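If you follow the hints, you should be able to join the two separate chains into one complex; please do so.
First to last, the protein sequences are chains A and B. The opening residue of the first sequence carries number 2 in the working numbering; numbering runs sequentially from there. The opening residue of the second sequence carries number 2 in the working numbering; numbering runs sequentially from there.
Derived by calculation from the structure, the hints in this document are not laboratory data. Predicted, not measured: the structure shown is a model, and the values here were computed from it. From the three backbone atoms N, C-alpha and C, an ideal C-beta is built for every residue, glycine too. Honestly, I wouldn't trust all of these hints.
[Said to hold, decoys possible] Below 27 angstroms or equal to it, Euclidean Cα-Cα: the simulated BS3-like pairs (lysine-lysine) are:
1) B:224 / A:269
2) B:159 / A:269
3) B:200 / B:67
4) A:181 / B:174
5) A:272 / A:218
[Stated by the list, open to error] Among the chain B residues that face chain A by a calculated CB cut under 7 angstroms, a handful are:
6) 138
7) 163
8) 168
9) 224
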Amino acid sequence: MAVLLLADVNDGALATDAVAKALSAVKGLGEVHILVAGTSAAAAAEAAKLDGAAKVLHADDAAYDHGMAEATAALIVSLAGGYSHIAAAATAFSKNVLPRAAALLDVMVISDVTAVVDADTFERPIYAGNAIQTVKSSDAKKVLTVRTASFNAAATSGSAAVEKVSATADASLSKWVEDKVAASDRPELTSAGIVVSGGRGVGSQSDFALIEKLADKLGAAVGASRAAVDSGYAPNDWQVGQTGKVVAPTLYVAVGISGAIQHLAGMKDSKVIVAINKDEEAPIFQVADYGLVADLFNAVPEMIEKL
Amino acid sequence: MKVLVPVKRVIDYNVKVRVKADGSGVDLANVKMSMNPFDEIAVEEAIRLKEKGIATEVVVVSIGVKQAQETLRTALAMGADRAILIEATADVHTDIEPLAVAKLLAGVVKEEAPGLVLCGKQAIDNDMNATGQMLSALLGWSQATFASELAIEGDTAKVTREVDGGLQTIAVKMPAIVTVDLRLNEPRYASLPNIMKAKAKPLAAKTPADYGVDVAPRLSVVKTVEPAGRKAGVKVGSIDELIAKLKDEAGVI
Ligand SMILES: Cc1cc2nc3c(=O)[nH]c(=O)nc-3n(C[C@H](O)[C@H](O)[C@H](O)COP(=O)(O)OP(=O)(O)OC[C@H]3O[C@@H](n4cnc5c(N)ncnc54)[C@H](O)[C@@H]3O)c2cc1C
Ligand SMILES: Cc1cc2nc3c(=O)[nH]c(=O)nc-3n(C[C@H](O)[C@H](O)[C@H](O)COP(=O)(O)OP(=O)(O)OC[C@H]3O[C@@H](n4cnc5c(N)ncnc54)[C@H](O)[C@@H]3O)c2cc1C
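Just chain B, with the same shape it has in the complex (with noise of 0.2 angstroms):
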C-alpha cells in the first residue's frame, strides 16, 4: 500500500507573528519557515507503517511555492521515498485554500492511487482545519479526523479519535483520509547521513494546470489585524492579597 502525506510549509511555531502595516496579510518575508508541526507527526506515522510493513512506499505532496522544495526535502530527510512539489504561486503571500488544495490533492490521489492518505489535523498558519476533510468529500472516501491512534487491520483503519468529551474510536474502510493529532507520535528528527541522502531522492515538480484545477480564491482578506492587546496586570505577594483582590477588585469569586 502507498501511503500519500500532504505537507505545507508554514511560518515556524516560534516565530513572534507581525502583521504588515498595511492590513494585507502577515509579513512572511524574511522569517523562519518550517513543516507544519501536525504534518511531520503525519510524515512519521507513514514512515512506521513502511518500517512495520503495511506501508510499501510514502509520497510527500507540497503545493505553494518553490520554496516548499525544502519542506519536502526534510520530509525526504525523516523517511520519505518520493516528493511532489505543485508550484501553485511564485508570491510566499500567496496562501492556497483548502477547497483548491484539497482539488489539486485528489487529482495527485487519482495518479498515484494510494491506499491511505495522512494529513495533519491543521495548518498553524491559517488554522482552517478543512483540507483533509474536504479532500475525502471530493473522493468519496471515508475520513477519521484528530486521530491520536491508528491500527490498520486489513481493509480497515480502526483510529481513535480525538473529540471534545475525550475519546473516539471508529473504524474507516480503505483506502481512507486520516488527519493526524498531536499526541499520535512524536517525529523523528533526521540524521545527517539521512540529510544528504535526501538531495538524490526523486522529486517532480508540477503546476495546478497539470490537474486542471483552477486554484482561484473564494474568500478575499478584506483586511488582517493585529488583536487587542492584553496589559500585564500586577504582581501580587500572598495568597491573601490575591483573594482579596480577586473578591474586592475584580468581583469574580
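Next up, chain A with everything else stripped away, as it sits in the complex (with noise of 0.2 angstroms):
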C-alpha cells in the first residue's frame, strides 16, 4: 500500500529537513507521495527533490497557506481512500492536523513515533522519555507523527512529478490572523549540528546574550530551558523538552540548566553532551560527557574568547 506524508511549509517554504527525515522513516511501508497544501509552487518543487518520493501532490489552494486545522485535515481525509498510512513529522503543524484528520477516519493517532517495527507496530517514548512503548495498531489506516531526530534525512537528487489535487476547503470555522516569527540567520533548532542552551542560571534576557554568542561561535542553533523561556529570557521556539522541541545534535552545550527530566525529554539522544554548571551536584552532570563546574559568567566568555 502507499503513504500519503504531509508536507511542513512555513510562509511558502518547504520545510525540507522535516520532511525529508520524516520521508526516510515511512520509506520502507510503501510508495511515498507527499502531499503540499497552499499556493506554493516553490515548495511543491522543493519535495518532488525528496529522493523515495513517488510523487508530489499539490493542492494549490490559499485556503491552506497558513496551516489551518479544519481545512488541512479534511483534504487529508479526502484524499486518504488509497493509503494504507497518513505520517508527516511530528512537528507543531502536524501535531494540529493530524490527530484532527485521525478522529475523522475513526482510527487513533500513533504520535512522536521514534522507529517503524513494521505495517503495524511502531515504538514511541512515553513520560517524558523515560520507558519505549511499542505499539501495534488495529485500525485499516495507520495515522502518526514522526520524530524527526530520530531519523537521517533522505537526499535530494530526486525528481518527482508534482500532480496537482484540488479540493474545496471551508474556512468559515478558523481564520489566520497573523504569524509572529523572529528571522534568524542561525541554523534551525531540530536540524542543528551544534545546540547551546541556556536555562534559568543565565538570569536575564540581557545575560542570554553570552549564549547567543558562544552559540555564533560555533555555528549552532540556540535552545533554552523551559524555565528560561517562562521567565522571558528566550522565545518560545527556543524551548527543548518534553513540552518543547527535541533535538539530537551531535554537540549539545547545557549552560545553567540543572537537567530535569523534562528538559533532558528533548536532548539526552544528542551525540556529546556538554555541560557548564556552579553546582555539582545538578542532575545534568549525570547524563554529560563533559561537565565543567564553572561559574558561567566565567566560563562562558572564556571559552567564546578560546574557540
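What follows is the structure, encoded as C-alpha cells:
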C-alpha cells in the first residue's frame, strides 16, 4: 500500500529537513506521495527533489496557506482512500492537524514515532522519554507523526512528478490573523549540528546574549530550558524538552541548566553533551560527557574568547 | 457560557518513572498521582473566564479510574463548579486512548452544551497530544491548539498559539476547542477553606455505556522498555581542557 506524507510548509517554504527525515522513516512502508498544501509552487518543487518520493500532490489553494487544522484535515480525509498510512514529521503543524484527520477517519493517531517496526507496529517514547513503548495498531489506516531527531534525512537528488489535486476547503471555522516569527541567520534548532542552550542560571534576558554569542562562535542553534522561556529570557520556540522541541545534535552545550527530566527528554539523544553549571550536584552532570563546574559568567566569555 | 474542562489523573511530574519488569508498562501502583499540569492551566483559565464574567459555569470531567475523583476534587477546590467522573476502568494501569476519550467527551458536550472546551495540550504520561484535536473533529468544531493567550470577543476566540517558528494568532468561531500550553497562565493553589467547600460540590458518576461509547483500544502495547541509559562522562577542570576534549577526543568542533 502507499503512504501519504503531509509536508510542513512555513511561509511558502518547505521545511525540507523535517520532511526529508519523515520520508526516511516511512519509505519502507510503501510508495510515498508527498502532500503539499497551499499555493507555494516552490515548496512543491522542493518536495519533488526528495529521494524516495514517488510523486508530489499539490493542493494549490490559499485556504491551506497558514496550515489551518480544519481545512487541512478535511483535505487529508478527502485523499485518504488509497493510502494505508498517513504520516508527517512531529512538528507543531502536524500535531495540530493529524489527530483531527485521524478522528475524522475513526482511527487512533500514533504520535512521535521513533522507530517503524513493521506496517502495524511502532515505537514511541512515553513519560517524557522515561519509557519506550512498542504499540501495534489494529486500525485499517495508520495515522502517525514521526520524531525527526530519530531519522536521517533523505537526499535531495530526486525528481518526482508534481500532480495538482483539488479540494474544496471550508474556511468558515477559523481564520489566520498573524504569525510572529523571528527571522534568524542561525541554523534551525531541530536540524542544527550544534545546539547551545541556556537555563535559569543565565539570570536575565540581556545576559542571554552570552549564550547567543557562544552559539554564533560555534555556528550553533540556540536553545533554552522552560524556566528560561517562562522567565522571558528566550522566546518560546527555543524551548527544548518534553513539551518543547526534541533535538539530537552532534554537540549539545547546556549552560546554567539543572537537568530536569522534562528538559532531558528533549536532548538526551545528543551525541556529545557538555554541561556548564556551578552546582556540582546538578543532575545534568549525570548525562553529560564533559562537565565543567564553574560560574557561567566566567566560563562562557572565556570559551568564546578561546574558540 | 458554560466552559467544559477535561482533566486527567496522571503520575506526578516529579516522580521517577519505573518500567515494570514484565515489560507490560509503567509501574503505577503506589506512586503519587496528580492532575496533568496542562489541565491545571486549563482549569485556571476557565476560572478566570468566570471571574471576568465571560463564563457562567465551569464543569470539569475526568475519564479513568474511580480515584480520578481526587483530581476532580482538586479542580473543584481551585474553583470549578461541578464535576463528572466517567469510570471507564477499574485498573490503574489501563489508559483510555484519546480517540475513546474524545468520543466520551463528545457525549458530554452534547449533554452539557458548553460554549468552550479547554483541554491540556498533552497528557504528560502518554504524551500523545491528540485528545482536543480529536474531540474538535468529532464535533465539527473549530480548534486552536497550544494556546499561550486567549481572548473571547463575542462569538470568536482570538488565540495566540506556540508554534515551531514562534507565535501564530488565529481567530476561531465559537463554540471551539482550545488546548492550552504552559505559558497561558500560572495556576492558583487551592486554599484550605476551598478544599473543604469542594467536598460539597456536585460530582456525577457515569460510565462509558451512558454515552454508548466503546472504549476498546485500537493500539495494543507489545512491550515497554527503559530507554538506553546514558552514562555520566568526565568532569573537566578548565575551559582549555574542555575545548581540547571537544576537538581531539570527541572531534565535534
Ligand atoms: C508539564 C511540564 C512540562 C515541562 N516541560 C519542559 C520542557 O519542555 N523543557 C524544559 O526545559 N523544562 C520543562 N519543564 C520544567 C522542568 O521541570 C524544569 O523546571 C526546568 O527544566 C528547569 O529549568 P532550568 O534548568 O533552566 O532551571 P533550574 O532548575 O532553576 O536550574 C538552573 C541551574 O543553573 C545553575 N546556575 C545558576 N547560576 C549559575 C551560574 N552563574 N553559573 C553556572 N550555573 C548556574 C544552577 O546550579 C541550576 O542547576 C516542564 C515542567 C512541567 C511540569
Ligand atoms: C501503563 C499504560 C498502559 C497502557 N495500556 C494500553 C492498553 O492496554 N491498550 C492501549 O491501546 N493503549 C494503552 N496505552 C496507551 C494509551 O492508551 C494512549 O497512548 C494514551 O491514551 C495517550 O493519550 P494521552 O493520555 O497522552 O492524551 P493527550 O491527547 O496527550 O491528552 C490531552 C488532553 O486531553 C484531556 N484528556 C486526555 N485523557 C483524559 C482523560 N482520561 N480524562 C479527562 N481528560 C483527558 C486532557 O485535557 C489532556 O490534557 C497504555 C499506556 C500506558 C502508559
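Do the hints match the structure? See the list:
In summary, the hint linking residue 224 of chain B to residue 269 of chain A is supported, as the alpha carbons are separated by about 22 angstroms, within the 27 angstroms threshold. For the hint pairing residue 159 of chain B with residue 269 of chain A, the CA-to-CA distance comes to about 36 angstroms; that exceeds 27 angstroms, so the pair is violated. Distance check on the hinted pair: residue 200 of chain B and residue 67 of chain B sit about 16 angstroms apart at the alpha-carbon level, within 27 angstroms; holds. For the proposed pair residue 181 of chain A and residue 174 of chain B, the alpha carbon gap of about 22 angstroms is at most 27 angstroms, so the pair holds.
With a C-alpha separation of about 20 angstroms, the suggested pair residue 272 of chain A and residue 218 of chain A falls inside the 27 angstroms cut-off, and the hint holds. Among the interface hints, the one on residue 138 of chain B holds; its C-beta lies about 4 angstroms from the nearest C-beta in chain A, closer than the 7 angstroms criterion. Proximity of residue 163 of chain B to chain A holds as hinted, the smallest CB-CB distance being about 5 angstroms (cut-off 7 angstroms). About 4 angstroms separates the beta-carbon of residue 168 of chain B from the nearest beta-carbon of chain A, less than 7 angstroms, and the hint is met.
Of the supplied interface hints, the one on residue 224 of chain B holds, with its beta-carbon coming within about 5 angstroms of a beta-carbon of chain A, less than 7 angstroms.
Hint compliance for this structure: hint 2 alone is broken.
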